[in-house]
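4 protein chains.
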Amino acid sequence: MLIVMKADATESESRGVVRVIQDLGYRAHPMPGATRTAIGITGNQVVLDTTHFENLPGVAEAIRVSKPYKLISLDMRPEKTIVQVGNATIGGDELAIIAGPCAIESREQAFAVAEAVARSGARLFRGGAFKPRTSPYAFQGLGEEGLKILSEVREIYDLNIVTEALDEYGVDLIERYGDMIQIGARNMQNFSLLRRAGRSHLPVLLKRGLSATLDEWLLAAEYIMIEGNYQVVLCERGVRTFAQHTRNTLDLAAVPAVRQVSHLPVVIDPSHGTGKNYMVTPLALAGVAVGADGLIIEVHNQPERALSDGAQSLTLEQYNQLVYEVKSIHRVIAPLSDVFSPALAYQI
Amino acid sequence: MLIVMKADATESESRGVVRVIQDLGYRAHPMPGATRTAIGITGNQVVLDTTHFENLPGVAEAIRVSKPYKLISLDMRPEKTIVQVGNATIGGDELAIIAGPCAIESREQAFAVAEAVARSGARLFRGGAFKPRTSPYAFQGLGEEGLKILSEVREIYDLNIVTEALDEYGVDLIERYGDMIQIGARNMQNFSLLRRAGRSHLPVLLKRGLSATLDEWLLAAEYIMIEGNYQVVLCERGVRTFAQHTRNTLDLAAVPAVRQVSHLPVVIDPSHGTGKNYMVTPLALAGVAVGADGLIIEVHNQPERALSDGAQSLTLEQYNQLVYEVKSIHRVIAPLSDVFSPALAYQI
Amino acid sequence: MLIVMKADATESESRGVVRVIQDLGYRAHPMPGATRTAIGITGNQVVLDTTHFENLPGVAEAIRVSKPYKLISLDMRPEKTIVQVGNATIGGDELAIIAGPCAIESREQAFAVAEAVARSGARLFRGGAFKPRTSPYAFQGLGEEGLKILSEVREIYDLNIVTEALDEYGVDLIERYGDMIQIGARNMQNFSLLRRAGRSHLPVLLKRGLSATLDEWLLAAEYIMIEGNYQVVLCERGVRTFAQHTRNTLDLAAVPAVRQVSHLPVVIDPSHGTGKNYMVTPLALAGVAVGADGLIIEVHNQPERALSDGAQSLTLEQYNQLVYEVKSIHRVIAPLSDVFSPALAYQI
Amino acid sequence: MLIVMKADATESESRGVVRVIQDLGYRAHPMPGATRTAIGITGNQVVLDTTHFENLPGVAEAIRVSKPYKLISLDMRPEKTIVQVGNATIGGDELAIIAGPCAIESREQAFAVAEAVARSGARLFRGGAFKPRTSPYAFQGLGEEGLKILSEVREIYDLNIVTEALDEYGVDLIERYGDMIQIGARNMQNFSLLRRAGRSHLPVLLKRGLSATLDEWLLAAEYIMIEGNYQVVLCERGVRTFAQHTRNTLDLAAVPAVRQVSHLPVVIDPSHGTGKNYMVTPLALAGVAVGADGLIIEVHNQPERALSDGAQSLTLEQYNQLVYEVKSIHRVIAPLSDVFSPALAYQI
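Chains as they are written, first to last, in the working numbering: chain A, 230 to 577; chain B, 230 to 577; chain C, 230 to 577; chain D, 230 to 577.
Among the hints, a few may not be true.
Since the list gives no way to pick out one identical chain from another, each pair is judged satisfied if it fits inside one copy or across any two copies.
[Unchecked claim] Result set (BS3-like, lysine-lysine): computed pairs, CA atoms no more than 25 Å apart in a straight line: (1) K377 with K309; (2) K235 with K309; (3) K235 with K299; (4) K377 with K296.
Hints listed in this document are in silico derivations from the structure and should not be mistaken for laboratory results.
Being a predicted model, the structure only gives us computed values, none of them experimental.
Isolated chain A (complex conformation) (with noise of 0.2 Å):
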């Protein structure tokens, strides 16, 4: 940490933050400057709250400097981590296509949409059971007998299941019928959900809250890592900006950004990204151009009878056509990046 003294700090303030600092038993470097002196802070173990000391008499600022997370973070592991999701990955080599209606409707429609999944070359299912919805007048979802629905699915056309936990009773069920717990955007940084993913033995899909910074998102997994379950995808959905073209400002940069310092997968979501039918797969073809390790894609069978989201879903033969389109460009991208990665590639 580094605390700025203000232009107008007296000599004596200045040692009172330097005593202040060395009485919680950290080290202070006073460095007198032209117009005013700056302190920087070592020795700390623990991440300091720049709280301590912005309101000490002659403080300016306190700007904190070392990164918060810890198990996330490429310091930890050094290379990619690979999850396991029941017999598919993400992370590895190969893109990962995670495709499915928004939700779980029936078993004529699962079943519809599932054939069309398996026979595109995709590795996973999604489909909600318990559907977060902004008012309690719209479809909540089927419940449990949603995840029967999709625990066939798994059966009959050896997809892996990823689907949403909305509370904890939600993660008991997914253990019993799916293969990945998804967090949603609105329950990012519910921590209570968090650590009770953090102590399943099912890998977890982590979405991006709607405003979350990097580092809230990092420190999200952090949470469910600190529990001991180590098999975290980060999934960006796009955040909430001023734009009105979009549902969500999709944020591509967040794939170099995670890369930079996180051994963690990440996969992109353009459905919600953009919230748009006719955006989904131009931006699925960026989602992967930018680098990431693979895509999760809303497809129905009937769009426009969907009880949800359905102006973002794709139709069976549009999505044919992203999988496709998508496998064009991985197949340039994947060598690319293999002879350069990210973290070498793009620095002097």
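Following the hints, complete the assembly by docking chains B, C and D onto the known chain A.
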């Protein structure tokens, strides 16, 4: 809902949309214009999903017209709700002041602050026992131990206890030890928690999410009320924007905006809303002037040693000065709004 | 500036950074920590660009420590500037009210509004002759004709004229017809215009840009002042965020934030800041309570026929009520800030 | 436009609105619903201001339905515009690469970079002679001297020159020395400058404003085109959001969004869009994959000594690698969009 057709949509595409509307059992109102046709929909009892229409051939856009909430609305209850919290109220003629430390750290700290709060004439005491912290390595609160201290504060100082529940178990505990359940910004769309609070006999303080629209916030209240608990107080605590001179951007326009549609009381949190000690009082004054029903303020006997949020906590002395100042403003504002109810005063 | 090295940076990389710093003629202060080294820089007279350091081998981050502005700062001038506008002032003991229509539409309209403004006791009249409109198809203002009407208003009603310049030619004209040059939000970083205003003998009202940080806004003022014109008033008029219940999000915390670093007066624009008639008065009250030096308010004799911004204009009657209410608040606030200057009151 | 009445609006209030609509010469289409009445308006040739209606008695909301632009729209010109820039084009089959330093600093620097740019096969050279800098104390560019160097670059390396005009005088100079006028993000709504560029014979590169909505950006292009200059290229360069891991948030969904309504070409600026050297190439790849017509890239022979924006500039080596990679992606993307025009591919 209003369906806007593309400029080059054919007549038969418009007829197709009309047919879909009629098949759903609603009335279609086509309005051919100079450059494009719009089609109104009436007769629906439920909120329609724009989804069902946006991808139909020839459709440019589907625009939602009616508001999706019911129980929170002035249509439902035209006069303001007065919420009872223990032996205090929020939403009545008096300005409600909820004050206390961010986190309960010890009996000594809690008592020192509580004494000052009680002496200031405030009736509500805040203090976290379970803290939602961005980092798993930060102080997480004393847990049930903290709640026990809070219930002692209630006994000794005759203050009513407002404290945060992070999960359903937290609600159970607050029902035993406290007077009002706070739902934090990060949990505003934790629907399981909202429903649980909706089944409590205690009133609920619902903080606005970091990037929640007005509708999302009101619908979160609707989730609580639909379970039968109508004792909900809304709390504006700042939203996340690009601005970096404050921790959050306090959106005081939320107060008249809520007033315009809802009977629920609204309080302002200038502590989290600014994150800076020196801004708390000016923004508290602004909150009272804009017409809020109350304030929630962080106070600490030793802010520089606070285990969380010290930078935004007031000292006891600053807090006393704040109470004096906000009461001066409230004395001017109260009679104004007596004569001119916001619903009447600002319309032609 | 503070250079933070990566956790795995080598000693020789740190020495490399030190050498670069010394080559530039500055002093380097290395602070080896438990996990990483930081290197402070002092001795620079100019603001350093983080650029020079961020891509050096081993560097994780470069953090700017000193503030980039001079003339606007309290270091430069510790007491508040009082700006003279014709025969009125902004920044003194009195609350400055600038009122008038969004655009000058006709002599009749301007006179009808001016009469009410003068009668209310306000000393400053606003009205646009050149309007910056998002669409080229919207009403663009009466141009020089409008300025002539404004100068008649000045003669007849003894009001001082505040009006917007869109370009350097506009400044020439205002110098002939008006009393204060308004620089609009969209032009806050039109540096040629800022420099031209800096060479004017007229005071300048500088609106904050739609997404301007505090530093960018203050530096825009610095652009004016560096040319020799120290008569600058800052105007907070709302920023662009995700929130849709208002046209902009009024950031009232900007007032104490400016006070903390600058001697320039600040006024609040609740008309553009909310975009809604029924919110103007509550937010004007909040603006006065938070400590602003004045208000700028849109008033129209027939808002429903206004050629621009009618939805946010007050009727003459509403305006009179607003003046009555804000003065009531100001009478309470003024003595408080007399005793407790913000710089003193909110610090330990 | 659609007028939504309040739930408790009386019949006579609805009739009042209908009368106002008819008085303006338009047709009113009342649609009584279960809970409230909506009234459609057709027959207007000009874009209506919601203003005229929002404060009428009984009105809850006025919703704009038709889009406000004309010349930029596909309705006007269904095939994509190919913009001629000197002897190069933007918007055709080839990917346009505009590369060069942020600012022209010296003949040596400009020539060193230009040689690499020409050798890479790019046809367009960028470089600022007049720099819009947040601080008046930062390097402001070489001015006309810089433009002379640029015109030498054109002669020697047969590159076409893209450079920014900060004001009308800047346009005069570029008409003498350059090939394309760049309007920067800060000037996107500098309407005097837009109009001047609209009267130029040179094509215009129009950067999106820091917080510009899609409509505002397109209407800024409309300001240029209405003066007769149809040679406009749009440039997405990132928008300002809460996210801090990048300098701006690159909004790649802007590309399909523009495609959906406009015939103008779009290029991506991953340098300003991210502000970080290591992110430029991944986001450039994503920009090509999403369907952009070109890229604008900052390159410097010695980024660590750049006088502006060094942190985001590529080295010559990195730039060569980028060109190789983006061309690989473009070879895959181009035939896809040949067969599937975005307007067709992503609709049902």
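Hints violated by the structure (numbers, ascending): 1 and 4
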